[in-house]
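So the sequence lines, in the order shown, correspond to chains A and V.
Going by the working numbering, the residue at position 13 of the first sequence is 14; the numbering climbs one at a time, nothing skipped.
Going by the working numbering, the residue at position 286 of the second sequence is 291; the numbering climbs one at a time, nothing skipped.
Don't read these hints as lab results, they were simulated from the structure.
Check each hint, because a few of them may be wrong.
If you want the footprint, here are the derived chain A segments under chain V, 3+ residues with CB under 8 angstroms [what the hints assert, rightly or not]:
(1) 36–50
(2) 58–68
Cβ-to-Cβ under 10 angstroms is the rule here; a few derived chain V residues that face chain A [said to hold, decoys possible]:
(3) V44
(4) I50
(5) D238
(6) T239
(7) R306
(8) F330
(9) R335
(10) G337
In this text the structure is predicted, and so the values were computed from the model without any measurement.
Backbone N, C-alpha and C define an ideal beta-carbon position, used for all residues, glycine too.
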Amino acid sequence: MHVLDGLYYTSEHEWVRLEEGDEATIGITEFAQDQLGDVVFVQLPAIGASLLAGEPFGEVESVKTVSELYAPVTGVVLAVNDTLADRPELVNEQPYEGGWMIRVRVGDRGELNTLMDATGYRTHISG
Amino acid sequence: MSGPEDAPPAVGLRRTALHDRHLAAGGRLVPFAGWAMPVQYESGILAEHEAVRTRAGVFDVSHMGRAWVGGVDAGAQIRSVTTYDVTRLAPGQAHYSLYCNEDGGIDDDIFVYRVTGERWLLVHNAANAEADFDRLAAAAPQADEVTADTVMLAIQGPTSVKIAASILGEVAMRIAPRTCALVSWRGSEVLIGRTGYTGEDGVECVLDAEAGVALWDALLSAGVTPAGLGARDTLRLEAALPLHGHDIDATTAPFEARLGWAVSLDDAAPFTGRAALEALRDKPPARRLSCLRLDGRGVPRLGYPVFDSDGPEAARVTILTSGAFSPTLRVGIAMAYLPVALAEPGTMFFMDLRGRFTRAVVVPRPFYRRPA
Chain A
2 MHVLDGLYYT
12 SEHEWVRLEE
22 GDEATIGITE
32 FAQDQLGDVV
42 FVQLPAIGAS
52 LLAGEPFGEV
62 ESVKTVSELY
72 APVTGVVLAV
82 NDTLADRPEL
92 VNEQPYEGGW
102 MIRVRVGDRG
112 ELNTLMDATG
122 YRTHISG
Chain V
6 MSGPEDAPPA
16 VGLRRTALHD
26 RHLAAGGRLV
36 PFAGWAMPVQ
46 YESGILAEHE
56 AVRTRAGVFD
66 VSHMGRAWVG
76 GVDAGAQIRS
86 VTTYDVTRLA
96 PGQAHYSLYC
106 NEDGGIDDDI
116 FVYRVTGERW
126 LLVHNAANAE
136 ADFDRLAAAA
146 PQADEVTADT
156 VMLAIQGPTS
166 VKIAASILGE
176 VAMRIAPRTC
186 ALVSWRGSEV
196 LIGRTGYTGE
206 DGVECVLDAE
216 AGVALWDALL
226 SAGVTPAGLG
236 ARDTLRLEAA
246 LPLHGHDIDA
256 TTAPFEARLG
266 WAVSLDDAAP
276 FTGRAALEAL
286 RDKPPARRLS
296 CLRLDGRGVP
306 RLGYPVFDSD
316 GPEAARVTIL
326 TSGAFSPTLR
336 VGIAMAYLPV
346 ALAEPGTMFF
356 MDLRGRFTRA
366 VVVPRPFYRR
376 PA
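Extracted from the complex, chain A is given alone in its bound form (with noise of 0.2 angstroms):
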């Protein structure tokens, strides 16, 4: 399973990649995309909408099945990954890259610290 260096994640498969200032990335992680199969329909929040850490803040929907998104930071979302409306492929496709789902101002950089790492999430996800 592809896991990314340099990217965090959370026990939940969400990843977590830090831009410039205090912008991040998060979508969700080739593991998660694989364990749900052929996804259908991502529910996301609205530009502006408040994540708190733990929450959930969506939820992204296979053939098969439904699993909720949950934030691994608390923060406030800046753009959201419009192309997966018509293309929820993409989540399966390139989870990293054009399966995105939210850009978000994080509110503390310092709850980074509470992820894991790719080393650690290769062990979760291994185990």
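Given the coordinates of chain A, work out where chain V should sit on it, guided by the hints.
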């Protein structure tokens, strides 16, 4: 390779003879009616669904109950426990039928193949296989249950019959819809029925386990796509075919499920549920199993409630008996029992998709019909 009788049990789940082949094709196995069955293979449900709609897919349906019934009385014996008058079937003909309870509710839906004058094959849903066989054997003690020793493959799609014929012989091309034939293949007897559960053309083959594995290998070599339970469900729902345990069950009667055509009441022969069904036939049903298409984004699923509006006075009308994302139509589709007055195509409802009220409309069945 080993057959189901010498494979070790996987956490108490039964395995078909194709278990190793499922794993080899990247199958994700899940428990289904006490069997370990593939919900999908490597390519995924959408790709498998598309393969069946545009080319050919193969499903291992060996978990379904299969019983041979022989003898000159077999037809009458079978008729006495099922709703369709199977004594009308000529050798080589097959028909869908039901096992009903004394109230007219549906205990299972089945297929009956009159293979020859005195050889009949009945196919039962896996979830009800044991109860179904007991019912059959009570009327036909000579019935022979062959589920564990045989394989059943459903080969479905526009190119499926041609490919099956390229392997099993030209006879396969000449089997008319809802008829069947026996062929000999690599020393084994194969029953081929021009039947299926996908809304596509296709055949279903029953043969001994070893030959069944060889047939699977030959089909995959010929380019047929292995397809699992996930695609089987999306395909049958697009074709508006009911699933027992969901759309039909012991509390639903045939007429309200649009299955009156599987019930024969004009012969004099008794059968389980006859009196109740006669009474029901004479009263128009209060509700009807209907097709609903989502008018928005999301996926309707079994059990989701359906309301008559999205306002504060919204009243719940029914719940979904089936629901899925339709890969062909790219929209959510569902089935539910609607009061007859509200079941006309064009009638609008609101489905509660986990808190999001989303508009849906009644559409004519089926959702998908294969091109002529």
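Status of each hint after checking the structure:
1. 36–50: holds (count 5)
2. 58–68: holds (count 5)
3. V44: holds, 7 angstroms
4. I50: holds, 5 angstroms
5. D238: Holds. Min distance 9 angstroms.
6. T239: At 7 angstroms from the nearest chain A Cβ, V:T239 passes the 10 angstroms test, so the hint holds.
7. R306: At 8 angstroms from the nearest chain A Cβ, V:R306 passes the 10 angstroms test, so the hint holds.
8. F330: holds, 4 angstroms
9. R335: holds, 9 angstroms
10. G337: holds, 9 angstroms
Of the hints listed earlier, there is not a single one the structure fails to meet.
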